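S.K.: Sequence:
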Amino acid sequence: MTDAAAAKVQELRAREGKAEARLRLFVKAGGCSGFSYGLAFDDRLADDDKIEDHAGVPVVIDAFSAQYVDGAEIDYVDSLMGSGFAINNPNAVSSCACGSSFNTDGSPARAGGCAH
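Residues 1 to 116, numbered by this note's numbering, are exactly what the sequence shown covers, in order.
For the record, the hints were derived by calculation from the structure and aren't laboratory data.
In this text, all values refer to a predicted model and were calculated from it rather than measured experimentally.
Think of the CB as a built atom: it goes at the ideal place given N, C-alpha and C, for glycine as much as any other residue.
Don't take each hint at face value.
For each label pair, taking beta carbons as the anchor points, the in silico distance ranges come out as [said to hold, decoys possible]:
#1 R44 <-> L80: 35 to 45 Å
#2 D48 <-> M81: 16 to 26 Å
#3 D43 <-> L80: 27 to 37 Å
Distance condition first, Cα-Cα at most 16 Å in a straight line; then the derived EDC-like pairs of lysine to aspartate or glutamate [unchecked claim]:
#4 K28 <-> D78
#5 K50 <-> D62
#6 K18 <-> D42
#7 K28 <-> D62
#8 K50 <-> D78
#9 K18 <-> D48
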């Protein structure tokens, strides 16, 4: 997790009154490229969850998701084109233009644009 992402998560936690909440990074089937990323505050832990601390932000990843995001970095980008969290994932062979959907097998995105 970059410093920019950690700072934004801390800001959101404070604003939403969730100062102790963990950030969950998850992967689910779907999106135009096969899998999509998700980020959410989560107070629950499962037995197979992995927790890592990044600049005071506990990040939780379940076992299914971990196989797809090993070595990935959560960033926060603020630019003229928009702002938001971005996942820089070395395991993603391809992804859709929105950056929310990816695959690891090299198959192309579905026709018709982003549908995450």
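S.K.: Enumerate the violated hints, using their earlier numbering and listing them in ascending order.
M.R.: 2, 4, 8, 9
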